[in-house]
Amino acid sequence: AQKVTQAQTEISVVEKEDVTLDCVYETRDTTYYLFWYKQPPSGELVFLIRRNSFDEQNEISGRYSWNFQKSTSSFNFTITASQVVDSAVYFCALGTSYDKVIFGPGTSLSVIP
Amino acid sequence: DSGVTQTPKHLITATGQRVTLRCSPRSGDLSVYWYQQSLDQGLQFLIQYYNGEERAKGNILERFSAQQFPDLHSELNLSSLELGDSALYFCASSATGTPNSPLHFGNGTRLTVT
Numbered sequence: 001a002q003k004v005t006q007a008q009t010e011i012s013v014v015e016k017e018d019v020t021l022d023c024v025y026e027t028r029d030t031t032y033y034l035f036w037y038k039q040p041p042s043g044e045l046v047f048l049i050r051r052n053s054f055d056e057q058n059e060i061s062g063r064y065s066w067n068f069q070k071s072t073s074s075f076n077f078t079i080t081a082s083q084v085v086d087s088a089v090y091f092c093a094l095g096t097s098y099d100k101v102i103f104g105p106g107t108s109l110s111v112i113p
Numbered sequence: 001d002s003g004v005t006q007t008p009k010h011l012i013t014a015t016g017q018r019v020t021l022r023c024s025p026r027s028g029d030l031s032v033y034w035y036q037q038s039l040d041q042g043l044q045f046l047i048q049y050y051n052g053e054e055r056a057k058g059n060i061l062e063r064f065s066a067q068q069f070p071d072l073h074s075e076l077n078l079s080s081l082e083l084g085d086s087a088l089y090f091c092a093s094s095a096t097g098t099p100n101s102p103l104h105f106g107n108g109t110r111l112t113v114t
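Going line by line, the protein sequences match chains A and B.
Quick note: the first sequence uses my numbering, first residue 1, plus one each step.
Quick note: the second sequence uses my numbering, first residue 1, plus one each step.
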């Protein structure tokens with residue numbers, strides 16, 4: 001069965017702190033795809049990144065970085081020097097050969113000025 | 001702007017009624033997905049279409065149905081509405097409908113059943 005777990009329901013940090021959002025997934029597929037999406041207070045869901053199961057290279061994009069580790073089935077997301085605009089709900093998602101993308105429960109991040 | 005259009009933005013209706021939610025995918029995208037987002041159940045996958053055909057089905061109730069038309073827009077029909085159906089309904093589209101294809105979401109339709 002496919003499953004995505006985001007154990008952190010809510011996180012609160014002070015602006016400029018670094019924060020890591022955890023994501024653990026389960027799948028029996030050897031080929032799969034992991035995603036992060038952001039849902040700001042305005043409500044729309046925005047795609048951030050995709051990672052393939054056969055590519056364990058970490059990725060950095062500005063203040064965002066992603067750490068993919070197959071050995072622990074984790075795909076964690078770090079925001080460096082957080083800003084108020086980072087306040088949002090962040091969803092980790094898993095796409096497999098079953099042709100549907102399932103989402104984790106989300107982590108609500110509040111960045112306090 | 002994702003390019004995915006959902007109408008209406010808000011819908012308030014009574015129990016037992018039927019409503020239709022509409023979605024126009026991003027230009028060039030062939031696949032449409034419907035998700036339900038509620039506070040207690042998170043983002044739940046309902047159904048996916050690809051080029052007019054049903055591709056995958058999730059936890060969609062029998063009271064709910066959907067279709068994708070030849071012009072690729074999609075409609076989600078919710079009938080015999082219950083209080084528990086109150087939620088934010090998202091439509092998303094992707095180019096290929098395959099698991100590696102990022103989803104582009106609309107702004108959602110907020111359904112309130114009273």
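In short, the hints are calculated from the structure, not lab data.
Each residue gets a CB set at the ideal place from its N, CA and C atoms; glycine is no exception.
Keep in mind that a hint or two might mislead.
[Claimed, not checked] Here are some chain A residues pointing at chain B (derived, C-beta under 10 Å):
hint: 1; residue: Ala1
hint: 2; residue: Ala7
hint: 3; residue: Ile11
hint: 4; residue: Arg50
hint: 5; residue: Asn52
hint: 6; residue: Glu56
hint: 7; residue: Ile60
hint: 8; residue: Tyr64
hint: 9; residue: Phe68
hint: 10; residue: Thr72
hint: 11; residue: Ala88
hint: 12; residue: Phe91
hint: 13; residue: Gly95
[Stated by the list, open to error] Partial list, derived from the structure: chain A residues whose beta carbon lies under 8 Å from chain B:
hint: 14; residue: Thr30
hint: 15; residue: Phe35
hint: 16; residue: Pro40
hint: 17; residue: Phe47
hint: 18; residue: Phe54
hint: 19; residue: Lys100
hint: 20; residue: Phe103
hint: 21; residue: Ser110
hint: 22; residue: Pro113
[To be verified] The calculated lysine to aspartate or glutamate pairs, modelled on EDC-like cross-linking and capped at a C-alpha distance of 16 Å, are:
hint: 23; chain 1: A; residue 1: Lys70; chain 2: A; residue 2: Asp55
hint: 24; chain 1: A; residue 1: Lys100; chain 2: B; residue 2: Asp40
hint: 25; chain 1: A; residue 1: Lys100; chain 2: B; residue 2: Glu53
Hints, verified against the model:
no. : hint               : result
1   : Ala1               : violated, 13 Å
2   : Ala7               : violated, 14 Å
3   : Ile11              : violated, 17 Å
4   : Arg50              : holds, 6 Å
5   : Asn52              : holds, 7 Å
6   : Glu56              : violated, 16 Å
7   : Ile60              : violated, 19 Å
8   : Tyr64              : violated, 15 Å
9   : Phe68              : violated, 15 Å
10  : Thr72              : violated, 21 Å
11  : Ala88              : violated, 13 Å
12  : Phe91              : holds, 6 Å
13  : Gly95              : holds, 3 Å
14  : Thr30              : violated, 13 Å
15  : Phe35              : holds, 7 Å
16  : Pro40              : violated, 12 Å
17  : Phe47              : holds, 4 Å
18  : Phe54              : violated, 11 Å
19  : Lys100             : holds, 4 Å
20  : Phe103             : holds, 4 Å
21  : Ser110             : violated, 17 Å
22  : Pro113             : violated, 26 Å
23  : Lys70/A / Asp55/A  : holds, 10 Å
24  : Lys100/A / Asp40/B : violated, 21 Å
25  : Lys100/A / Glu53/B : holds, 14 Å
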